[in-house]
Structures are given as structure tokens and as C-alpha cells.
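Novice: Chains as they are written, first to last, in the working numbering: chain B, 1 to 253; chain X, 1001 to 1352.
Hints were generated in silico from the structure; no laboratory data involved.
Beta carbons: idealized from backbone N, C-alpha and C, even for Gly.
Do not rely on the hints blindly, as some may be mistaken.
[Unchecked claim] Pairwise CB distance ranges, derived in the manner of DEER restraints:
1. Val1106/X x Glu191/B: 43 to 53 Å
2. Leu1107/X x Arg108/B: 23 to 33 Å
3. Ser1260/X x Thr63/B: 51 to 61 Å
4. Tyr1119/X x His139/B: 41 to 51 Å
Residues per chain, in single letters:
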Amino acid sequence: MAEVLLEACAVAKHFGGVKALRDVSLTIRKGEIYGLIGPNGAGKTTFFNCMTGLYVPDGGGFTFAGATLRADEPHRAAESGIARTFQNIRLFANMTALENVMVGRHVRTSAGVIGAMLQNAATRAEEMAIRQRAIELLHYVRIEDRADDLAMNLSYGDQRRLEIARALATEPTLLCLDEPAAGMNATETAELRELIDGIRRDGTTVLLIEHDVKLVMGLCDRVAVLDYGALVIEDIPAVVQKDQRVIEAYLGA
Amino acid sequence: MSKWLGPRSATGILLIAVALIALPFVAALGGQAWVRIVNFAILYIFLALGLNIVVGFAGLLDLGYIAFYAVGAYAYALLASPHFGLHWPFWAILPIGALIACFFGVLLGSPTLKLRGDYLAIVTLGFGEIVRIFLNNLNAPINVTNGPQGITLIDPVAIGEFRFSGTSQILGISLSGPQKYYFLLVALAIFVIIINLRLQHSRIGRAWQAIREDEIAAKAVGINTRNIKLLAFAMGASFGGIAGGIFSAMQGFVSPESFSLIESIMILAMVVLGGMGHIPGVILGAVLLTILPEVLRYGVGPLQVAVFGKMLIDPESLRMLIFGLALVLVMRFKPAGLWPSPERKRELQGDA
């Protein structure tokens, strides 16, 4: 059994009277691709937001890489090694693709205002390294020829890729993708699948929220199903697929 | 680096240098008043570039920027005038003024971190007014600011025995006070421009832009948005403080009425009109908005007399009319500003 990377322990979140998450507990192991699926409004994104610090959970908490995740400030999640993309792509629209990825290096670099003003050797070396790494990552997601284009001018598929590159720039141990295949055609989805597979092979654990059940079942090592904010099942795809409760949740039987 | 040392840009730099050196002498042909106007244009470049960090880079709408200018100006006035009997040297007070302004920047920044757009604008507007009203009323029970009368007889800038006020001979050339200040201001402005450029293309500069573009995404990639925003306020405020100190020394007199809301709005207009976030654009905006009113003042009055034989419209009232019209026209036809950054320009063309 592989080492546990992230453990969610009875995470609860409600908005007014709506219980978006009801004591969700799940475990993500190191090196796996973990799928989180469920019908619309099941609480998948809410779970993501709790984990990455955008929401403060009303109950429960997360243990990440053996330490309690401090969920009060979003930038801490990235610091501790959790990177994410967004369901509705959130790029820095008026910055170039390269700059977007360079921003992703922020959390792993340290140059401050004084360094920027003096432009001393250390700052210049760091700046070079940031640029170098960003270019590598653009190559990695295969949009290197769009490096100097504004993020907003990239095609939809390329924007998704750029968001992944930006997330990878933070050197995550856990990469969380929120519906990366949404709105993609079959070719793009196949390419995306290849990319995610490659990311896992290169040693990053992946958490995947997805509507495309085929993609999830084909790609993920284990899958959790949420419905009405509660965990229905957490198992390997073959078992999840046959589970009566999952079928009911999806078909509304 | 080669692009900076290429023959074409070397010629360009040389031409700019010659023009900058010649400018105060050319301006002096029209009288020392014109040299003072040029000086103010440079001072406003300074202020606009400081505000550009907050508004242009970090995207935080600040309508109370003049408060930091005021803080810097009064810091200098109090530490180098007969008011308290203190006469500290210019170079000691300038960093102190910057630090105090920086402190005020953080003071304004910290409670407003969660605010954006209109809400932030209203709070900063209030802050600017609070500072001005404090300066106006801090003459009792202890007389700190001398109230509406302001502080007079402020020491001019002096480096050792060399004073920047009055005429002096340097290398056989006679330089008036404003002309000497001009060279000091140009040196400081070049310094500020370099710092701005370096900040823009740095890790911090990118973090500011990221916050401007999408704060949630910026948080998600691990930017401590609280600290980085405070940094923008602090940096912007420091520049304002330095500009205030120079203003104080140059004028020899400060009073609260120099720091009214309209000044904040003018500086913001310089940034927006020129091209938000684009340093050459901001410089252009500052120069235009300082020089044009003066051209009107000295040009339109005599022109009316020459054409109609009498003064029909007071240039002063014409100024706001033309200024408003110019703003409307620019926003209609050049929404990214007169000289936008290439990226902004592309973006707006893309939308059309």
C-alpha cells in the first residue's frame, strides 16, 4: 500500500442552510490519480476550495504530507505543495503565457523589492532561472510557441494547458484539476489524458474532478463519488462503476 | 543587454540627454516661471509613477494618494524650518519622509486589504481628506502644523555649502534657483524611472500584476496577496513622500490647501490618461496635464485679447472645461490611454 499523501477528515461546509459538504473523509495516496466525481452541485468544487484554502471548512480538516494543513490562508496551500486549476479558467488574462507561468514560480523563489531595485547577481540569476523553468514548462504542456501571446488570446484548450503549466510551476506534490476536460472535444481530451498521465509518471499525485466519466474511469487509480455533499463510495473504478448507489445518484433513480 | 548599447539607442539616449540639459535654458527664455512649470511637471512625473505602482501595477484604485505627498511635504517642513527651530539636512530628511509616508501607506493599506474597486476608492478618498483635515486643524492644543496658515521659511535643498535657491555660477554658467532644482529633479526622476522599470519586470512586479488580473488565482499559486498589496501601498507611498519633501524644499512653503482631493484626482488622471501600468505613458500623462493648463493660462488669455480685443472667457474656467472634454475624448477614442503598453493595446483591439 502506497504512502498516504492527503487525508480529509470529516470535512464539513455549509452555506446558510445548504450543507455543501457533510463530513467527507477520503484518502489520497502518493503517486496515484484520484478521481472525484458526482452530479452537478454535489460539492466537488467546494471540497477543492476547502482544501486549497479558499473556503474555511466548518468542521473537520486536512492532513497533507503528514502535517495538518492550515486552511486559513490560500497561499499556504501552494506553499505546502498543493496546486490547483479552476473549473472556469482563471488565468492572468493580460499577461503573456510565459509571464503566467513565471508567476507560478513566485512561491518557490524569494527576490524582494530591494533585490529588484539593485538587480544584484543573485536576483538576476534567480530571474534567469524563473524564466528558464517557465519556458521548460511551456514545452512540457506543448504551448511553447504561444509563450509571448497574452493568455486571453490563447485557444480554450491552450488556456487549460497554460493553467496546468502555471500550477506545475509551483512544484506541487499534489496537483488538483477542476474539470480540465470541460468543453473539450475528443482529440483534446485524449491529449489531456496523455498530459495528466505524464504528470503522474513524473512523480506528481493528481486529484481530478471531472464530469467525463469515461475519462475518469480510464485514467484514475481510485475514484470517490460525492452526492448531495456526502461521500457515496471511494474505490477502484471497476467497483465504483457497478455500485448501485452511484448509478442512482447519476440517473436519479 | 545589447539592445541598450546598440548605436541607434545610444544616439537616442544622447539626444534625450542633450534635450534634457538644454530644456531649462530654453524654458528660461520665456521667463523663470516656465522653468518652475517644467520642474512641477517632473515632480508630477514622480508622483504619477508612484501612484502607477498602486493603480497601474497592482490595480488598487487609490483616490487619496496626495495624502502621502502631504505627509512627505510636512515631514520636511517640520524638520527643516524655523517652526520647530529644526534645520536637518535635506538628505537626512528625504529618507525619513519616505519612511513616514511608507508607514502611512501601510496604515491605509492594512484595513482596506479586502476591498477592491469602488469600495477601495471611497476609503482611500476618505483617507486623503482625513490627512488634509488633520493638517488643517493640528494647530491646537499643540501647534504642530500651524493649521491653515501653513509653514513658511522652509530651508531650500542644500548639499554642503551649495544651496539650491538663488542664482549661482557653475563653470562660468549662471544658474537660477529653479534651474538648479531642475537638474536635481531630473536626476531623481531618472532614479525613480529606473526603479519603476526594474520593479515592473521583477518577481514582485509580476505578483502585483497577477493580483490586478485575478486575485483568487494569485492566491492559488501561492502569492501572499496581503503582504504583496501592502508592499504596493508602501512603495507607492514612499515615492509620494519623497516628492512631497522636494516640493516643500522647492516652494519654501506648505499649507493644507496644496493637498486637496482635486490633486489626487489629477495625479490619477495622469496615470489613466497616459496609459495605466505603462511607464512612458504615465510620464507623458504627467507632462501633458502639468504643461497644458499653463499653456492655456499664458496662451489663451493674450490670444483672446489679440483676436477680440478683450478677454471673453477667463482661462481659469476654460481650463476645467477643456480638461474634462479631453478626458472624455481620450476615454472614447483611446480607452487604454494616450500611450498604452503594447499588451494593453492588443487587448483592446482584440475586444473590438
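Novice: Now tell me if each hint is right for this structure.
Specialist: Results of checking the hints against the structure:
1. Val1106/X x Glu191/B: 43 to 53 Å: For Val1106/X and Glu191/B the Cβ distance comes to about 47 Å; the hint holds.
2. Leu1107/X x Arg108/B: 23 to 33 Å: Holds: the Cβ-Cβ distance is about 32 Å, inside 23 to 33 Å.
3. Ser1260/X x Thr63/B: 51 to 61 Å: For Thr63/B against Ser1260/X, whose Cβ atoms are near 56 Å apart, the range 51 to 61 Å holds.
4. Tyr1119/X x His139/B: 41 to 51 Å: holds (42 Å)
Checked against the numbered hints above, the structure breaks none of them.
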